[in-house]
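Listed below are the residues making up each chain.
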Amino acid sequence: MPAEHTPARRPRRETVTGVPRSARRPPGHAPARSEISEQTTLGHTYVRSLMRSQLRAALYALAGLALLVGSLPLLFALPTALGHGTARPFVWAALGVGAYPVIWLIARWYVRRAERNESDFTGLVEGR
Amino acid sequence: MNQTYAVAAVTAVVLATVLIGALGLRISRTTSDFYVASRTVGPGLNAAAISGEYLSAASFLGIAGLVLLQGPDMLWYPVGYTAGYLVLLVLVAAPLRRSGAYTLSDFAEARLESPQARRLASLFVVGVGWLYLLPQLQGAGLTLEILTGAPGWVGGLVVAVVVTGAVAAGGMRSITFVQAFQYWLKLTALLVPVLFLVTAWWGDDAPRARFDAPAVFREHTAVTIDDTVRVDVDAPLTVTVSGRVDSTAYDGDRVTLTEGGHLVEAGTTLGFPAGAHVPERAATGGDPSPAAGRGDPRSWSQPLADGRDGHRLYATYGLILATFLGTMGLPHVAVRFYTSPDGRTARRTTLVVLGLVGAFYLLPPVYGALGRIYAPELTLTGAADAAVLVLPDRVVGGTAGELLGALLAGGAFAAFLSTASGLTMSVAGVLSQDVLPSRGVRHFRLATVLAVAVPLAVSLVATNVPVADAVGLAFAVSASSFCPLLVLGIWWRRLTPPGAMAGLVAGGGAALTAVMATRAGLAPEGWPHTLMAWPAVWSVPLGFLTMVAVSLATPRRVPAGTPAILARLHLPEGLVGRPRPGQPEGAGR
Chain A
1 MPAEHTPARR PRRETVTGVP RSARRPPGHA PARSEISEQT TLGHTYVRSL MRSQLRAALY
61 ALAGLALLVG SLPLLFALPT ALGHGTARPF VWAALGVGAY PVIWLIARWY VRRAERNESD
121 FTGLVEGR
Chain B
1 MNQTYAVAAV TAVVLATVLI GALGLRISRT TSDFYVASRT VGPGLNAAAI SGEYLSAASF
61 LGIAGLVLLQ GPDMLWYPVG YTAGYLVLLV LVAAPLRRSG AYTLSDFAEA RLESPQARRL
121 ASLFVVGVGW LYLLPQLQGA GLTLEILTGA PGWVGGLVVA VVVTGAVAAG GMRSITFVQA
181 FQYWLKLTAL LVPVLFLVTA WWGDDAPRAR FDAPAVFREH TAVTIDDTVR VDVDAPLTVT
241 VSGRVDSTAY DGDRVTLTEG GHLVEAGTTL GFPAGAHVPE RAATGGDPSP AAGRGDPRSW
301 SQPLADGRDG HRLYATYGLI LATFLGTMGL PHVAVRFYTS PDGRTARRTT LVVLGLVGAF
361 YLLPPVYGAL GRIYAPELTL TGAADAAVLV LPDRVVGGTA GELLGALLAG GAFAAFLSTA
421 SGLTMSVAGV LSQDVLPSRG VRHFRLATVL AVAVPLAVSL VATNVPVADA VGLAFAVSAS
481 SFCPLLVLGI WWRRLTPPGA MAGLVAGGGA ALTAVMATRA GLAPEGWPHT LMAWPAVWSV
541 PLGFLTMVAV SLATPRRVPA GTPAILARLH LPEGLVGRPR PGQPEGAGR
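So the sequences go chain by chain: A and B. Last residue of the first sequence: 128 in the working numbering, with the numbers rising by one and none dropped. Last residue of the second sequence: 589 in the working numbering, with the numbers rising by one and none dropped.
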């Protein structure tokens with residue numbers, strides 16, 4: 001293992017096991033970051049907050065799916081129950097074509113939201 | 001249908017699969033390449049591969065056949081298969097990738113730190129995988145039989161041999177290329193003929209497909225019944241008969257069938273006049289029970305319960321729950337996420353998959369509706385899955401029709417090959433890690449042979465058992481077992497190994513038992529039958545509740561590494577992977 005001397009003025013509290021993979025690594029740890037990697041109570045709180053925001057995004061997406069797609073069988077049963085014939089043309093349009101763009105748009109909304117949650121979190125932890 | 005074109009198309013697809021697999025073999029150098037394509041597959045290629053793998057024969061042939069038989073309610077199948085990916089995306093995709101699990105068993109072990117939980121999960125992975133492989137092999141046999149008249153076992157054997165070869169030789173790297181190619185092939189194979197078909201339909205004054213009344217023969221049609229069947233005639237019907245009907249032998253005589261049920265024996269040819277209603281096929285094997293439905297042993301998925309609205313609504317929600325929640329637990333789907341470089345890419349890949357899969361599913365319903373108009377006798381012969389294959393010949397005709405039919409045959413074979421190879425890859429992965437004594441590429445190849453041989457043997461032996469429902473069954477079992485395990489494992493801190501194992505057994509076991517009992521004819525008529533045929537509505541909550549209740553009852557068994565694991569599942573990659581000084585890499589994993 002090559003003994004490496006970094007030109008940094010204060011000693012880095014880190015065990016060097018090889019050549020650094022990336023030379024562009026920011027010098028030193030942001031405090032929140034070490035709280036997380038050292039699994040302190042505060043670190044857990046950070047993780048929980050991210051989990052909560054991600055779970056909220058997931059539940060919103062699932063609620064959208066249940067409301068827009070999951071409610072369709074009830075909607076289709078309505079005309080028959082009320083004695084107004086069948087909803088067949090609507091069934092074809094909704095299930096044959098309409099459902100797919102709705103599902104895709106929910107997915108896109110979720111992906112953007114989840115990525116924003118993550119970048120917000122990274123910003124918070126990195127102290128930016 | 002011209003056999004030469006069809007055989008040429010199937011051969012071309014098989015050869016292309018082997019060639020692309022061999023290409024992958026040349027660049028598949030390391031063990032990591034072999035198992036997970038070195039985790040460097042970008043979203044575009046990976047999404048095409050995932051879609052190619054996911055769109056099985058049930059999608060390519062089965063949906064059109066079901067729509068032909070049952071009407072637009074059957075469109076819940078493709079919608080459910082698509083929405084399943086959305087649920088997978090929002091609840092599981094990125095954390096599953098970040099867990100570093102290659103199979104669902106790896107996930108169970110990493111999250112629960114329990115070898116027993118791992119073994120139980122492995123059992124379910126292999127079970128669900130085999131349940132799903134079986135109809136692929138049987139469908140291949142059926143397709144080749146329709147196209148060329150070859151005996152039923154040939155198609156299954158061809159698929160099994162090609163898949164074993166491709167997987168054992170090239171592993172994940174070559175499979176990724178093969179499956180990406182097969183997605184585009186399948187899309188082309190459905191898209192090109194549909195343009196011709198719709199043009200021909202338009203030129204034919206665009207007749208409407210009717211689903212609320214029996215299908216109608218457009219011209220004089222001779223139908224040969226392959227297996228003895230009971231038909232329901234809704235109005236007196238004069239047909240020419242060669243064969244035996246109601247135990248009386250005829251030889252080209254004109255017979256008037258009265259209103260009600262008639263038994264048509266195997267090998268009988270019925271000649272229907274133009275404008276006649278197609279008789280409804282009653283339950284197979286002379287089983288008179290109405291609740292058994294018009295279910296056919298050769299159809300891909302079970303029809304929704306007939307008759308009363310309450311049953312129908314319940315069955316629809318059973319189907320919705322099974323497909324929405326079952327997708328995430330399918331073994332070949334989970335493996336795919338590991339090939340993404342990181343969690344963020346896994347999410348983006350899933351978004352592309354949703355686009356590709358959704359675009360594909362716009363096409364099969366068109367075949368179903370056109371099949372209702374132009375191939376109505378399929379509701380009688382029961383070979384409704386053949387609708388996609390026979391339509392070009394029926395509607396376009398001539399050499400063009402034959403060429404289009406050959407293209408569809410090639411696409412259907414691509415569907416069998418891609419799904420079967422993905423399933424084989426994942427089942428073999430579990431077998432080689434958890435069953436065979438040592439790891440390594442050589443044992444993986446042995447496991448591949450084992451993974452294919454078992455369902456192949458069952459498909460050869462049990463040709464007449466209604467195992468083709470296995471796709472729906474696989475979804476129901478997966479939704480009741482792996483869905484609770486993944487969702488609670490990723491989002492709930494208090495999950496314990498005993499809880500997870502109890503939930504797997506209770507949910508998955510209940511779904512499996514219920515459907516098997518229905519198939520065996522043990523379920524009583526009425527609501528019990530409907531409840532047992534569509535178990536997901538109650539077995540999914542059962543799985544979740546058991547998991548939660550047993551976990552809460554065993555609070556001291558919460559794995560010590562839970563906080564670290566959850567942090568790894570949810571934090572972006574850049575923020576983790578720096579273990580505490582002095583702690584060895586991999587501790588707490």
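Since the hints were derived computationally from the structure, they do not count as laboratory data. All C-beta atoms in this analysis are idealised placements derived from N, C-alpha and C, irrespective of residue type, glycine included. Any given hint could turn out to be false.
Said to hold, decoys possible - Computed Cβ-Cβ distance ranges for the label pairs, DEER-style:
1) Leu191(B) <-> Leu124(A): 44 to 50 Å
2) Leu74(A) <-> Pro151(B): 46 to 52 Å
3) Ser49(A) <-> Leu19(B): 49 to 55 Å
4) His277(B) <-> Ala93(A): 24 to 30 Å
5) Thr258(B) <-> Leu105(A): 29 to 35 Å
6) Pro79(A) <-> Arg494(B): 43 to 49 Å
7) Arg52(A) <-> Gly310(B): 36 to 42 Å
8) His277(B) <-> Ala77(A): 24 to 30 Å
9) Arg88(A) <-> Pro528(B): 41 to 47 Å
10) Ala63(A) <-> Gly42(B): 28 to 34 Å
Stated by the list, open to error - Calculated from the model, a selection of chain B residues having no Cβ within reach of chain A, i.e. all distances over 12 Å:
11) Arg254
12) Pro524
13) Pro555
Each hint, compared with the structure:
Distance hint check: the CB atoms of Leu191(B) and Leu124(A) are about 47 Å apart, consistent with the given range 44 to 50 Å. Range check, Leu74(A) to Pro151(B): about 47 Å between beta-carbon atoms, so the 46 to 52 Å window is met. For Ser49(A) paired with Leu19(B), a C-beta distance near 51 Å keeps the hint of 49 to 55 Å intact. Against the hinted window of 24 to 30 Å, the Cβ-Cβ separation of His277(B) and Ala93(A) comes to about 27 Å, which satisfies the hint.
About 54 Å separates the C-beta atoms of Thr258(B) and Leu105(A), a value inconsistent with the hinted range of 29 to 35 Å. Between Pro79(A) and Arg494(B) the Cβ separation comes to about 46 Å, which falls inside the hinted range of 43 to 49 Å. The given range of 36 to 42 Å is respected by Arg52(A) and Gly310(B), whose C-beta atoms sit roughly 39 Å from each other. Under the hint 24 to 30 Å, the C-beta atoms of His277(B) and Ala77(A), about 27 Å apart, fit the expected range.
For Arg88(A) paired with Pro528(B), a C-beta distance near 30 Å fails the hint of 41 to 47 Å. Between Ala63(A) and Gly42(B) the C-beta distance comes to about 32 Å, which sits within the given range of 28 to 34 Å. With 12 Å as the threshold on Cβ separation, the claim that Arg254(B) sits away from chain A holds: the shortest Cβ distance comes to roughly 36 Å. For Pro524(B), the shortest C-beta to C-beta distance to chain A comes to about 25 Å, beyond the 12 Å cut-off, and the non-interface label holds.
Against chain A, the non-interface label of Pro555(B) holds: every CB pair exceeds 12 Å, the least being about 18 Å.
Hint violations for this structure: numbers 5, 9, all remaining hints satisfied.
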